[in-house]
Structure formats: C-alpha cells, structure tokens
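Residues per chain, in single letters:
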Amino acid sequence: MLLDRVLGLGAVLLAVPLGLASWGFGLGSPRSPGPGFWPFLVTLSIAALGAALVLRPDRAFRAPGGTGSRWGSLGIALATLGFFVLALEPLGYPVTTGLLLLVQFRWVEGRPWRTSLLAAVLAAAVSFVLFRLVLHVPLPTGVLPLPRGW
Amino acid sequence: MLLHGFAVALTPGNLLYVFLGTIIGTVIGVLPGLGPTASIALMLPVTIGMDMVSALIFLAGIYYGAMYGGSTTSILVNIPGEAASVVTCIDGYQMARQGRAGPALGMSAFGSFVGGTLGVVAVMLISPLLAEAALKFGPPEMFALLFFAFTCVGGLTGKSRARGLLMASLGLLLGTVGTDAIHGVDRFTFGTLYLQDGIALVPLALGLFGMGEILYNIERREESGSVLQTPKDLLPTRQDWKDSWWPIVRGSGVGFGIGILPGGMPAVASLLSYAVERRLAKQPERFGKGAIQGVAGPETANNAATAGGFVPLLTLGIPTNSVLALMLAALMLHGVTPGPLLLFKWPDVFWGVIASMYIGNVMLLILNLPLIGLFVQILKVPYAVLSPLIIMFVLLGAYALNNSVTDVFATILFGIAGYLMKRYGLEPAPLVLAYVIGPMLENNLSKSLILARSAGLSLFFSRPISGTLLGLALLVLAYPLIRRCLGWGGNRPKAATPVSGAP
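Those protein sequence lines, which keep their order, are chains X and Y.
When we follow this note's numbering, the leftmost residue of the first sequence carries the number 41, and every step to the right adds one.
When we follow this note's numbering, the leftmost residue of the second sequence carries the number 2, and every step to the right adds one.
Extracted from the complex, chain X is given alone in its bound form (with noise of 0.2 Å):
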C-alpha cells in the first residue's frame, strides 16, 4: 500500500519538471507537432498514472527470495563495478577484469584463494583472447605488454 503511494506521488513530483521542460521544448499545434508534444503527453500519462496509484494502491508486496540481506557482499560488488569503469582503461581489460573477479570470488562469493585466483586469471584470459583475436573487439590492453599486432 505505502509502497504503491510513495511510487505514486514520487511519479507525479517527476512528471511535474519534465511536463515543464517539454512544454519548454515547444508543443508546436496538433496540426505540425513540436519537439516537446510527445513528451509532454508522456509526462501526463507519468502524472495520471501516479495519481492513479496513490488514490488505489495495491496490496503489499513482499519480494520473493532469500531470508538475510547481504549488504556487505553487495558494497563490495558495487565497489568492483566502479572500480572496473575507472580502471578499465588506464589499466586494460585483462587486469582489471581478472582483479574484479578475484575480488568478486573471493570475497562476494567466498570462494578460496586459490579457486579465485585460478578462475579469475583463467575467466579474464579467456575473455579477452576470444573477444579481442577471434572476434576483433578492440579491448584495451592497458599496462599488459603484448606484442604488437595483438
């Protein structure tokens, strides 16, 4: 129920701003519409709907699975995530890749040293020799010093 409300008014206080901002996009007539007509139809439909939603809201959902939350397993996988975007390049595919594994085995999954770093050595090289030689994706190599023509 507040679930439904709270998505509700959150969908209305959207549609509100971005209603705006198509409508500064230029509506333009039905006759030649502009930029902003569709748009703003679309923020009617957000608002209407949340509206909806708020005045009849749905029983409580309880989402399916799993008894305990895992928040740090879920930091830490987040934490690879933004590492591999910033490092992806400075550092290469193969690097970064293997490390986000080794990370994500040994300590998300809590795998042991060496299954990870196995896996995460083997999954990285696997990787970047099929997509980047078989079918010619121009993976970063970084700091890996490959011969040329790789």
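Some clues are possibly wrong.
[As the list claims (entries may be wrong)] Listed below are the simulated SDA-like cross-link pairs for lysine to any residue, each with C-alpha atoms no more than 20 Å apart in a straight line:
| id | chain 1 | residue 1 | chain 2 | residue 2 |
| --- | --- | --- | --- | --- |
| 1 | Y | K448 | X | P70 |
| 2 | Y | K137 | Y | G254 |
| 3 | Y | K448 | X | L58 |
| 4 | Y | K448 | X | G68 |
| 5 | Y | K448 | X | R154 |
| 6 | Y | K448 | X | L67 |
| 7 | Y | K283 | Y | P320 |
| 8 | Y | K448 | X | S72 |
| 9 | Y | K448 | Y | V250 |
| 10 | Y | K448 | X | G66 |
| 11 | Y | K448 | X | S69 |
[Unchecked claim] Below, a sample of chain X positions facing chain Y; criterion: calculated Cβ distance under 7 Å:
| id | residue |
| --- | --- |
| 12 | L121 |
| 13 | L128 |
| 14 | E129 |
| 15 | S156 |
Worth flagging that the hints you see were computed from the coordinates, not collected in a lab.
A virtual CB, placed ideally from N, CA and C, is assigned to each residue, including glycine.
Dock chain Y against chain X, hints included.
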C-alpha cells in the same frame, strides 16, 4: 518453382552458408551487446565476394540464428539477447528457477521452428496479396497498433496494471532522450554528448535485467541454497506439449501478421502474443511464474514475424526493420533491385531465399536440441561461480557495443536501478518494451497528425483499421473500470507469492 529454389539452396556451398550463418547467428544472439543488426552490418562486406543468393542465404541464417540464440540467455540468466527476447525472460527465467530450463529451452526451440516454418510457408503462398494488405497500413494504423501493443505492455505482469503502465510510461520517456529526429532539438540530454544519441538498448537491457538480477541475488542470497534449482527434466512433458499447442498456433498467426507490417518488429509480435496468451489462458495467474505458454507463444511469434518481414522486402522492396534494411543493402550491392519485379527477374533469389529459410529453420532445430543439454549443464554450476562470470559478461557486452566506458557506466547505473526495481516489485520488462516502441509511436503520431491537417485526432477514428485498434486499446485500458462498475468478478490482483515455490 519452389523445387528450383530447393535445388539452388541445397548446393553444398549454400548449405555451408546456411550452416555458418545459423551458427554465427546463434552465438551472436547468445552474446549480449551484439545484436543481429550489428552483426549483419559487420558481415555485409564479407558477402560481397559471394554470389547474391548465397549472400542472402548467409545473412538470413544469421538473422534467424540470432532469434534462437537470444532466447537462450533470456531463459538461463534473465538477460535478453535482443528486444524480441525480453518477453521470454518473464516466464522463461522463472521456469529455469524452478528447475525447468530444459522444457523452456526445448519449447522455445520448437516454437521458433514452427513459427519460422509456418511463416515461410505463408511468405511463399500469399506474398503478393499480403503485400497489398500491408500497404493499407499507414501511419494512423501503425500508431493505433503500437498503442494497442502499449496497453498490452501494461498488463504484462498482472500484479498491478497501473504500476505496469507507469513503468511503460517511464520507458516511453526514456525513449525520448536524445536528439529529436524531426526537429533536431536535444531533449533531456542535460548538455552531454553521450545522451544525444539517446539511451542505447544494450546498456538499458543488460543493466536492468542482467546486472539488476545479479546485484539482487548478491544481496539476497541464502547461505547454502542456489538461485536456480537443479534442472529436473530435459525435455518438455506431455502436459507442456498440450499447453503449448495453441499458443504456438496463435503465435504463428500473430507473429506473421505483425511481421508483414511496416515497422513490424519481432519484439512487438512477441509482446502481443504474450498478451493474447495471458488473456486466453485458463489460469492467467500462472503467467509470470513460469507458465510455458508465456514462452511458447512469444518465441513462435518472433520467429514468424522474422519470416513475415521478408514479404514486403521481397515483393515490394520495402524493409520493415533495420535488419531487413541491411538485407536490402545486400541485395542492392549484388545488383538486385527488390520490388514487384524481383520474382520475375531474379526468381533464383526469391525461391532460393525461401528454400534456405526452410533449411535454416530445420538446421536450427537440430543444432539447438542437443545444445539444450549443454546449456542446462551450465545451470548446474554453482551460482556463486556463475555470478561473477555473468558480471564479466555483462560488462564486456556493454563495452563491446561502442568501445565506450560510458556505456559500461550506464549499464551499471541501470543495474542499480534494476536492483531497486526488483527489490520493490517493479517490472523492467514493460519499461524496456515501451522504450523500444516509443520512438515509433511518436513518429507515427506526428506523421498522422500532419497528414490529418485540420481533422486532428478524429482521423484515427474515421479510418476503419485504426479506429478498431484504438477502440480495442481503450477497451483494454478501461476493462478493470468496467468490471468494477458492472460489479463483475471483483478479483483484485493477487499479491505476489514467493517465486521459488514448485510449479
């Protein structure tokens, strides 16, 4: 004539091309970030050296294969391979979670086969007639059809129609981001260059579906259990066949009908098939929890739509989506001018392609059935090992799209959004589907309004086809209200039950 076509298609060289094409297509369909459009564009130069029939056969094989491959990842890991497979995620993945990945994959392959084959038969038999009928679909009719599809999107998940439509509307909004096609005005780009092209489908879908699911499972994992139950059967049961029979038949019809229309995307076809099956099912509440009809129907429809798309291409020279536009380019590269004369001037091309589509379908079925066993083995790997690998896959796919770290960043942001959505019971499928059809909705609306001049909105209702479709759409929207007013039923949408229950 068809026999001649088979003679052309069954030469060893062409058979090889069909084989190669379908394999490459399947791999591409499975890999996120590489859709059929991009791969056909990549392969186009390769085909210059081939003769024209072989080239078309090869490219058609890729297209078909990609349709098959995209559903594999949808079912196994809830990552749609392309827009047409988004709908398969809904029930297909749930089936996998219940240990029924084998039947899901099997029925998906079989449905695809039937849809593709029946589609080809229809192409062969009634091409000229169909082409004429399709021409009657102008912008107002397309808008009405897409609007009808949009209203179905809202009802996809059944927990709450308003919520579904809200998600869909947000999807429409996301579709407006970027430079407006008609006026060249930047909308919602916040001054960044990245957003001028709009939000790409790949980061959106990979993030919301793939990354979101992974993040959610990381947060919610039970210590011992695995997310996916060990697969029980490999093949569909008798009950599955009984349940899927009609959805497959209907899916073929719906899919082919959508495919021949301009802008007839397999994604729209799969969506409408899902809506139809849900509406007609004896137990609609099972949809969203692993109902095999939710896999059989849409998968059949998207392959039938793929076949249907060839009708306007081969008979009128009109490509109805971007993949077929590339095929048109391929034809023209080889000196063929598609159009009403294609059949007469280059019968080899027409019949050769038709015959190869038959063969391609058979080949894909044969290829995929043993692969089911292999794919199901993948599921036996503990999720703790799969999860980081899937993350790597997703990030790789996102980067491979445009060599852009920004795409990866966008995928991660959408992943976080997807996680939050899953946590609070919001479905990503309506959002992504609406995002895909949004630009076409707007385009057709604008064209219709310009066409209408002073008639304005009444144009939609004065034309018979669009009037009917819009009427249907409004009925669908108003249905809950009508039921309440007339005191029928009185079923409120059921609250979600835990998904890990037995089927």
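Evaluation of the provided hints:
1. A hinted pair counts as satisfied when its Cα atoms are at most 20 Å apart, and K448(Y) with P70(X) qualifies at roughly 11 Å.
2. Of the supplied pair hints, the one linking K137(Y) and G254(Y) holds, its CA atoms being roughly 19 Å apart against a limit of 20 Å.
3. Straight-line distance between C-alpha atoms of K448(Y) and L58(X) comes to about 24 Å, which puts the hinted pair past the 20 Å bound.
4. Under the criterion of a C-alpha separation no larger than 20 Å, the hint pairing K448(Y) with G68(X) is consistent with the structure, at around 14 Å.
5. Straight-line distance between C-alpha atoms of K448(Y) and R154(X) comes to about 62 Å, which puts the hinted pair past the 20 Å bound.
6. About 15 Å separates the Cα atoms of K448(Y) and L67(X), which keeps this hinted pair within 20 Å; it holds.
7. A hinted pair counts as satisfied when its Cα atoms are at most 20 Å apart, and K283(Y) with P320(Y) does not qualify at roughly 38 Å.
8. A hinted pair counts as satisfied when its Cα atoms are at most 20 Å apart, and K448(Y) with S72(X) qualifies at roughly 9 Å.
9. Restraint check for K448(Y) and V250(Y): the C-alpha separation of about 34 Å exceeds 20 Å, so the hint is violated.
10. Annotation: proposed proximity of K448(Y) to G66(X) holds, straight-line Cα distance about 17 Å (limit 20 Å).
11. A threshold of 20 Å between alpha carbons decides the hint, and for K448(Y) with S69(X) the separation of about 13 Å falls inside it, so the pair holds.
12. Here the hint on L121(X) is kept, as its CB sits about 5 Å from the closest CB of chain Y, short of 7 Å.
13. Given hint, L128(X) at the interface with chain Y, holds; its Cβ is 6 Å from that chain's nearest Cβ, closer than 7 Å.
14. Because the beta carbon of E129(X) sits about 6 Å from the nearest beta carbon in chain Y, less than 7 Å, this interface hint is met.
15. About 9 Å separates the beta-carbon of S156(X) from the nearest beta-carbon of chain Y, more than 7 Å, and the hint is not met.
Hints 3, 5, 7, 9, 15 from the list above are not met by this structure, while the remaining hints are.
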